[in-house]
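Asks: Residue numbers (this note's numbering), protein chains in the order written: chain E, 118 to 413; chain P, 29 to 301; chain Z, 229 to 580.
Note that these hints are calculated values from the structure, not bench results. Check each hint, because a few of them may be wrong.
[As the list claims (entries may be wrong)] No farther apart than 27 Å at their CA atoms in a straight line, the calculated lysine-lysine pairs in the BS3-like style are these:
no., chain 1, residue 1, chain 2, residue 2
1, E, K308, Z, K329
2, Z, K329, Z, K302
3, P, K187, E, K220
4, Z, K395, E, K308
Since the structure is predicted, the reported quantities are computational estimates derived from the model, not experimental observations.
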Amino acid sequence: MKPLFQLRYRNHVNGWLLVLPAVFMISLFTHYPIGSNLFHSLFSMGTVTRPEVFIGLENYSYLLDDEIFWKVLTNNLIYSMCTVPFSIAIALGMALLINRNIKGRSLVRMAFFTPTVLPMIAVANIWLFFYTPEYGLFDQIFGIFGGDSHNWLGNPDTSLFCLIVMVIWKESGFFMVFYLAALQQLSPELKEAGLMEGSGRWYYFRRVTFPLLMPTTLFVTVNAVVNSFKLVDHLVIMTKGGPDNASSLLLYYIYENAFSFWDTSYAATLTVVLVLILAIITIIQFVVVEKRIHYQ
Amino acid sequence: MKFREFDAEKFIVTTGAWMLGGIWLLPLVFAFWSAFHPAEFSTNFELFAPLTIDNFVRAWSYAPFPRYLLNTFVLVTLILAAQFVLCTLAAYGFARFDFFGKNVVFALVLLQLMIMPEVLLVENYRTISSMGLLDTIPAIGLPYMASAFGIFLLRQSFKSIPKELVEAAQVEGVSAIGILWKVYIPLAKSTYIAYGLVSVSYHWNNFLWPLVVTSSVNSRPLTVGLAIFGAPESGVDWSIITAATVMTMSPLLVAFILFQRQFVQSFMHSGIK
Amino acid sequence: MSSIILKDVCKSWDSTQVLKNINFECKNGNLLVLLGPSGCGKSTTLRLIAGLEIPTSGIVEIDNRDVSNLPPVKRNISMVFQNYALFPHLTVAENILFGLKARRVPKKEQKKRLKDTADLLGLSDFLGRRPAQLSGGQRQRVALGRSIVAQVSVCLMDEPLSNLDAKLRQEMRQEIRALQQRLKMTMIYVTHDQVEAMTIADKIILMKDGEIEQHGTPEDLYNQPATAFTGNFIGNPPMNILTPDSQIMSAFSYLPRSPDSISAYLLGIRPENVEISEDSGIESSVMTTEYLGADSLIVCRSGEQTITLTVKGKADITAGDFLKLDLKPKHIHLFDRESGMRLEDSAWRKAS
Ligand SMILES: Nc1ncnc2c1ncn2[C@@H]1O[C@H](COP(=O)(O)OP(=O)(O)OP(=O)(O)O)[C@@H](O)[C@H]1O
Ligand SMILES: [Mg+2]
Numbered sequence: 118m119k120p121l122f123q124l125r126y127r128n129h130v131n132g133w134l135l136v137l138p139a140v141f142m143i144s145l146f147t148h149y150p151i152g153s154n155l156f157h158s159l160f161s162m163g164t165v166t167r168p169e170v171f172i173g174l175e176n177y178s179y180l181l182d183d184e185i186f187w188k189v190l191t192n193n194l195i196y197s198m199c200t201v202p203f204s205i206a207i208a209l210g211m212a213l214l215i216n217r218n219i220k221g222r223s224l225v226r227m228a229f230f231t232p233t234v235l236p237m238i239a240v241a242n243i244w245l246f247f248y249t250p251e252y253g254l255f256d257q258i259f260g261i262f263g264g265d266s267h268n269w270l271g272n273p274d275t276s277l278f279c280l281i282v283m284v285i286w287k288e289s290g291f292f293m294v295f296y297l298a299a300l301q302q303l304s305p306e307l308k309e310a311g312l313m314e315g316s317g318r319w320y321y322f323r324r325v326t327f328p329l330l331m332p333t334t335l336f337v338t339v340n341a342v343v344n345s346f347k348l349v350d351h352l353v354i355m356t357k358g359g360p361d362n363a364s365s366l367l368l369y370y371i372y373e374n375a376f377s378f379w380d381t382s383y384a385a386t387l388t389v390v391l392v393l394i395l396a397i398i399t400i401i402q403f404v405v406v407e408k409r410i411h412y413q
Numbered sequence: 029m030k031f032r033e034f035d036a037e038k039f040i041v042t043t044g045a046w047m048l049g050g051i052w053l054l055p056l057v058f059a060f061w062s063a064f065h066p067a068e069f070s071t072n073f074e075l076f077a078p079l080t081i082d083n084f085v086r087a088w089s090y091a092p093f094p095r096y097l098l099n100t101f102v103l104v105t106l107i108l109a110a111q112f113v114l115c116t117l118a119a120y121g122f123a124r125f126d127f128f129g130k131n132v133v134f135a136l137v138l139l140q141l142m143i144m145p146e147v148l149l150v151e152n153y154r155t156i157s158s159m160g161l162l163d164t165i166p167a168i169g170l171p172y173m174a175s176a177f178g179i180f181l182l183r184q185s186f187k188s189i190p191k192e193l194v195e196a197a198q199v200e201g202v203s204a205i206g207i208l209w210k211v212y213i214p215l216a217k218s219t220y221i222a223y224g225l226v227s228v229s230y231h232w233n234n235f236l237w238p239l240v241v242t243s244s245v246n247s248r249p250l251t252v253g254l255a256i257f258g259a260p261e262s263g264v265d266w267s268i269i270t271a272a273t274v275m276t277m278s279p280l281l282v283a284f285i286l287f288q289r290q291f292v293q294s295f296m297h298s299g300i301k
Numbered sequence: 229m230s231s232i233i234l235k236d237v238c239k240s241w242d243s244t245q246v247l248k249n250i251n252f253e254c255k256n257g258n259l260l261v262l263l264g265p266s267g268c269g270k271s272t273t274l275r276l277i278a279g280l281e282i283p284t285s286g287i288v289e290i291d292n293r294d295v296s297n298l299p300p301v302k303r304n305i306s307m308v309f310q311n312y313a314l315f316p317h318l319t320v321a322e323n324i325l326f327g328l329k330a331r332r333v334p335k336k337e338q339k340k341r342l343k344d345t346a347d348l349l350g351l352s353d354f355l356g357r358r359p360a361q362l363s364g365g366q367r368q369r370v371a372l373g374r375s376i377v378a379q380v381s382v383c384l385m386d387e388p389l390s391n392l393d394a395k396l397r398q399e400m401r402q403e404i405r406a407l408q409q410r411l412k413m414t415m416i417y418v419t420h421d422q423v424e425a426m427t428i429a430d431k432i433i434l435m436k437d438g439e440i441e442q443h444g445t446p447e448d449l450y451n452q453p454a455t456a457f458t459g460n461f462i463g464n465p466p467m468n469i470l471t472p473d474s475q476i477m478s479a480f481s482y483l484p485r486s487p488d489s490i491s492a493y494l495l496g497i498r499p500e501n502v503e504i505s506e507d508s509g510i511e512s513s514v515m516t517t518e519y520l521g522a523d524s525l526i527v528c529r530s531g532e533q534t535i536t537l538t539v540k541g542k543a544d545i546t547a548g549d550f551l552k553l554d555l556k557p558k559h560i561h562l563f564d565r566e567s568g569m570r571l572e573d574s575a576w577r578k579a580s
């Protein structure tokens with residue numbers, strides 16, 4: 118009986134041994150902090166002289182009354198709602214352009230993709246100068262048309278949109294690659310069949326290409342939305358969330374609370390909100406994926 | 029004469045693609061322009077403006093860029109090596125063995141795809157701090173070493189390996205680790221390359237988490253160094269900042285231009301779920 | 229009047245010429261098969277007619293109208309693709325109606341044509357399914373439906389049956405032929421399977437290396453192969469192509485002989501026409517025998533030559549046996565040794 122027993126359990130033991138190191142590390146830096154965040158959000162900030170004390174939901178009620186939180190959350194929603202559709206639409210357009218047999222195609226593809234491999238910090242530095250009043254590229258272009266000088270990043274009305282434009286520039290090429298991969302999987306026979314049956318370019322795109330790209334669009338959308346909540350590097354360089362939090366995003370606000378104001382317990386509370394948002398996105402994704410029709 | 033309407037359309041498409049490509053490159057061209065010209069030309073586009081590398085020399089002397097570069101290099105290598113080991117083992121476990129609770133564990137691992145360590149930076153800072161690792165290079169790398177993305181990619185690639193190959197090795201008496209080493213890893217080479225490129229560019233560029241856990245030249249990577257250097261308070265000239273920026277991104281940029289095809293293909297590969 | 233005419237059509241990709249001076253006509257209501265080995269340019273020819281490729285030179289005419297410069301839509305033709313080109317996200321009905329919707333055919337007309345087509349092809353029960361939920365034969369029918377519903381009189385097919393198993397292929401080719409005759413379509417059908425070609429074609433064009441080897445009815449190609457290549461390509465098992473040696477020359481006195489060279493030609497004979505004889509003929513030894521049910525295939529060796537013959541039923545012959553093989557003059561085809569061209573019967577039979 119012993120060999121059989123061994124054989125049965127060898128799989129379990131081997132499997133567990135193999136995944137254990139990675140699972141342990143992931144738990145340590147993902148699952149454990151999610152839990153400890155929740156825990157710390159229920160306590161007050163401890164200081165050297167005063168230990169942290171349990172305050173229940175006080176942090177949360179403070180959060181509900183925190184105007185800056187609402188401001189930052191709204192900003193983040195605007196930011197997502199602008200960057201995601203625009204960068205996806207541009208990415209799709211780019212992929213459709215590149216997928217044709219045009220001259221210098223690989224050069225154009227490289228031009229589109231390059232921003233993706235650059236550090237956000239470097240990109241922010243370059244764009245910071247574009248937006249500089251008077252000397253920056255934008256003001257110079259506006260100057261040609263007789264426009265006034267603008268303090269693009271210093272103006273609460275424009276600062277968020279300046280960041281949005283930059284992020285669209287940086288991310289479109291990344292999403293383009295996924296569309297390109299998907300387009301290459303489409304059989305040329307389908308296109309020819311459509312052509313023979315008299316479908317115009319737009320009709321074909323609407324009825325065939327776009328629906329067949331739906332899984333890619335879903336994948337890219339989820340990625341883009343998640344990115345819009347977790348990528349805030351540029352804020353550190355360009356606006357520091359300002360002026361007056363006009364361009365601040367949720368993760369940046371968390372960062373500020375934790376490492377500028379040293380209010381880690383409020384930062385933990387904010388993190389709980391961010392994790393919730395990401396969890397909701399995950400759930401939505403699963404529901405849509407479940408519902409999605411499987412073609413093949 | 030032939031297919032005139034088709035040709036016109038192709039012309040428009042080509043021109044459109046070129047123009048968009050040009051616009052997309054503009055910021056970079058601009059950065060290079062101002063990095064290689066004296067400050068007075070940085071917004072003054074004269075074709076025959078004198079070229080200079082003075083900006084680079086000055087940036088180099090103002091801040092310890094060689095050290096930052098070394099730190100980034102060590103960091104990226106460390107992370108990649110650890111990721112390869114941890115992800116390979118885990119992916120092998122998930123792909124080949126049926127063990128108790130496998131599906132639940134795998135789902136828990138995938139959670140990291142959505143909730144990356146930088147989102148949890150407050151608590152992770154606490155953890156790293158309690159380990160006494162603050163301001164070290166391993167501190168920057170630790171949260172990323174077990175990567176759900178890597179496990180996921182490798183598991184996919186392992187699962188697509190024909191069963192016969194594995195069974196043939198089994199019949200020859202190769203051990204489980206031998207099979208991993210001799211069958212699975214060699215056959216997943218392209219996945220390793222793809223994942224490696226994606227991971228290197230991610231960590232070369234990563235910023236927020238390194239910013240939080242580093243506080244000295246000894247551990248700061250390039251991105252953090254550049255941010256501190258370029259901060260408005262530092263009062264450094266714009267041309268010098270762009271020179272530093274160009275320096276920061278050029279290793280990756282050069283690699284990208286040389287291996288453009290592999291890069292694009294790797295990102296494609298990593299996106300197909 | 230839906231005839232298709234190709235005049236001096238050439239097609240090159242970069243420096244390689246794929247089609248060389250293709251000339252042919254497909255008459256109204258005919259089914260023309262383009263046949264030939266892989267890579268000979270069949271698909272390219274079809275795609276030129278469809279307008280999916282543009283000829284390097286030459287003219288394509290449909291209905292006496294030069295269509296060489298027209299895009300596919302304006303040529304008034306339909307096409308069935310090798311892999312069916314069904315849209316995976318659309319239902320059968322949507323797939324069939326795809327072209328009609330694109331051309332904004334009125335809803336009522338669409339409905340009527342869909343019903344007619346579905347009835348004709350026995351697809352009525354599957355209209356709501358997606359291609360992935362259909363069998364291979366059903367998918368093939370949907371692809372046919374797409375081309376029928378357009379109600380154009382010219383239909384092009386590129387190896388439409390190559391993804392089906394042998395039995396289904398036979399059924400479907402009969403069905404296609406019946407449909408073509410019933411709807412009086414002009415059809416150009418590409419295949420590399422000579423049996424398929426022989427069974428459904430009105431006319432066959434046999435191609436080789438971008439050139440037309442022979443254009444004729446299936447009987448023409450079988451009985452009067454214009455070249456040694458045709459003789460070998462058509463028929464299963466293929467025609468024996470022998471190089472006359474001294475044994476053959478002495479055994480068959482009817483063979484023409486010229487004083488300078490005895491073997492200026494190749495000798496072709498179909499396996500079923502090779503006869504086993506008691507007394508006259510060439511000596512050969514049996515290499516292998518294969519029993520195929522209705523008949524047996526016997527491969528013999530005589531000198532340098534390999535000769536295949538078929539006999540009815542199960543032959544009482546085993547490997548190693550010696551046979552005398554008789555080649556009757558009426559079954560002999562002669563081909564020029566250099567060019568492979570057929571030597572006209574009248575020429576050599578008179579001479580002998
Ligand atoms: N787009 C192309 N570019 C370059 N060469 C091509 C192209 N399409 C076809 N060819 C070449 O033209 C020749 C004829 O191709 P074609 O597809 O017409 O052959 P075919 O007779 O249909 O063969 P098969 O039976 O294998 O389908 C081949 O040698 C092929 O390599
Ligand atoms: Mg073909």
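Asks: Now, for every hint given, state plainly whether the structure supports it.
Replies: Each hint, compared with the structure:
no.: 1; hint: E:K308 <-> Z:K329; result: 16 Å, holds
no.: 2; hint: Z:K329 <-> Z:K302; result: 16 Å, holds
no.: 3; hint: P:K187 <-> E:K220; result: 39 Å, violated
no.: 4; hint: Z:K395 <-> E:K308; result: 30 Å, violated
Violated hints, listed in ascending order, are 3 and 4; each of the other numbered hints is respected by the structure.
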